[in-house]
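*Asks:* Sequence:
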Amino acid sequence: MQRQGDKVKDTDKLEKAYLLIEAYKSGKLGGEKMPEDENPALDIASKENYIYFTLPMALNYQRNSYTLWESANKTYKDADTRAVFNVEAVTGMSEEELRGKLLKYKVALQPNKQPIIWKTICETIENDFEGDIRKLFMINGYSVQAIKDYIAKNKKKFPYLGGNKICNYWLYVIEQYTDAEFVDRENITVAPDTHVIQASERLGIISSEEAGQANVQELVAKRWQEILKGTDLVPIDVHTPMWLWSRGKFTIDI
Numbered sequence: 722m723q724r725q726g727d728k729v730k731d732t733d734k735l736e737k738a739y740l741l742i743e744a745y746k747s748g749k750l751g752g753e754k755m756p757e758d759e760n761p762a763l764d765i766a767s768k769e770n771y772i773y774f775t776l777p778m779a780l781n782y783q784r785n786s787y788t789l790w791e792s793a794n795k796t797y798k799d800a801d802t803r804a805v806f807n808v809e810a811v812t813g814m815s816e817e818e819l820r821g822k823l824l825k826y827k828v829a830l831q832p833n834k835q836p837i838i839w840k841t842i843c844e845t846i847e848n849d850f851e852g853d854i855r856k857l858f859m860i861n862g863y864s865v866q867a868i869k870d871y872i873a874k875n876k877k878k879f880p881y882l883g884g885n886k887i888c889n890y891w892l893y894v895i896e897q898y899t900d901a902e903f904v905d906r907e908n909i910t911v912a913p914d915t916h917v918i919q920a921s922e923r924l925g926i927i928s929s930e931e932a933g934q935a936n937v938q939e940l941v942a943k944r945w946q947e948i949l950k951g952t953d954l955v956p957i958d959v960h961t962p963m964w965l966w967s968r969g970k971f972t973i974d975i
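Numbering (our numbering), first residue to last: 722 to 975.
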């Protein structure tokens, strides 16, 4: 049972979350351009657009997101490298050819591991969804939870994209940059990268001791779900404000 003192604490945290979102909406945190805004402006409903916002996401770990998406956009716009976004073409490419195309603009930074990740996901899309990643969403009724459950059961087919942090952020990006409308968007949890973890600690969502625990990502996601339950906010709504707040070195007091 939740004690009265805990309710007061949660109310305080919730008020801070609203203040942070308001600061974001008023432009005080920056964010006029987000990393994924670097894109070729494809038809948002198209298969190509969904694939564009899927494949680079699997390589979005331990690197600058802005640089990754700049690299992805350059790769797409270059006729010599665009084929890496054609899943059918990738499945037929030699390892050497794929590596060369992904390294040209540094979409891939690891010359051996990351091209394999890219090709594995392309093979999954081509073989399991007839080359159209939109079918993953269709067969799961545009349910976030169903999609996450499906990917969890087939994790080897979705390397890195199936990880808790990247999967949730990928679904958020799909929601923002395609025409997908999820029936249960509240199940997109915060994607707890370094910035989100630091901001959550700053807001008192987790303690400094908890921030150093191995399970901190799961802990942050769970806490935000608990605090926002029954409000007009869902966890992913606080992701970008927290990310920008931390990236800006917390120059705004909340």
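The set of hints was computed from the structure by calculation and includes no laboratory data.
Every value quoted in this text rests on a predicted model; they were computed, and no experiment measured them.
Cβ atoms here follow ideal geometry from the backbone N, Cα and C, with glycine treated the same way.
Hints may contain errors.
Unchecked claim - Here are the simulated BS3-like cross-link-like pairs (lysine-lysine), alpha carbons at most 25 Å apart as the crow flies:
| no. | residue 1 | residue 2 |
| --- | --- | --- |
| 1 | Lys-943 | Lys-768 |
| 2 | Lys-970 | Lys-950 |
| 3 | Lys-737 | Lys-749 |
| 4 | Lys-827 | Lys-754 |
| 5 | Lys-856 | Lys-876 |
Stated by the list, open to error - The following label-pair restraints were derived from C-beta to C-beta distances:
| no. | residue 1 | residue 2 | range |
| --- | --- | --- | --- |
| 6 | Glu-818 | Pro-761 | 31 to 41 Å |
| 7 | Asp-974 | Pro-761 | 19 to 29 Å |
| 8 | Gln-783 | Glu-896 | 37 to 47 Å |
| 9 | Glu-736 | Ala-762 | 37 to 47 Å |
| 10 | Glu-902 | Asn-833 | 36 to 46 Å |
| 11 | Asp-758 | Glu-902 | 14 to 24 Å |
| 12 | Ser-928 | Asn-807 | 26 to 36 Å |
| 13 | Thr-952 | Asp-974 | 44 to 54 Å |
*Asks:* Against this structure, judge whether each hint is valid.
*Replies:* Hints, verified against the model:
1. Lys-943 <-> Lys-768: violated, 33 Å
2. Lys-970 <-> Lys-950: Violated. Lys-970 to Lys-950 sits at ~28 Å, over the 25 Å cutoff.
3. Lys-737 <-> Lys-749: holds, 15 Å
4. Lys-827 <-> Lys-754: holds, 21 Å
5. Lys-856 <-> Lys-876: At roughly 17 Å apart (the allowed maximum being 25 Å), Lys-876 and Lys-856 satisfy the hint.
6. Glu-818 <-> Pro-761: 31 to 41 Å: Violated, since Glu-818 and Pro-761 (Cβ atoms, about 22 Å apart) do not stay within the stated range.
7. Asp-974 <-> Pro-761: 19 to 29 Å: violated, 39 Å
8. Gln-783 <-> Glu-896: 37 to 47 Å: violated, 24 Å
9. Glu-736 <-> Ala-762: 37 to 47 Å: Distance hint for Glu-736, Ala-762 holds at roughly 38 Å.
10. Glu-902 <-> Asn-833: 36 to 46 Å: Because 38 Å falls inside the window, the suggested range holds.
11. Asp-758 <-> Glu-902: 14 to 24 Å: Holds: the Cβ-Cβ distance is about 21 Å, inside 14 to 24 Å.
12. Ser-928 <-> Asn-807: 26 to 36 Å: The hinted range 26 to 36 Å is violated for Ser-928 and Asn-807, with Cβ atoms some 48 Å apart.
13. Thr-952 <-> Asp-974: 44 to 54 Å: For Thr-952 and Asp-974 the Cβ distance comes to about 23 Å; the hint is violated.
In summary, the numbered hints that this structure violates are 1, 2, 6, 7, 8, 12 and 13.
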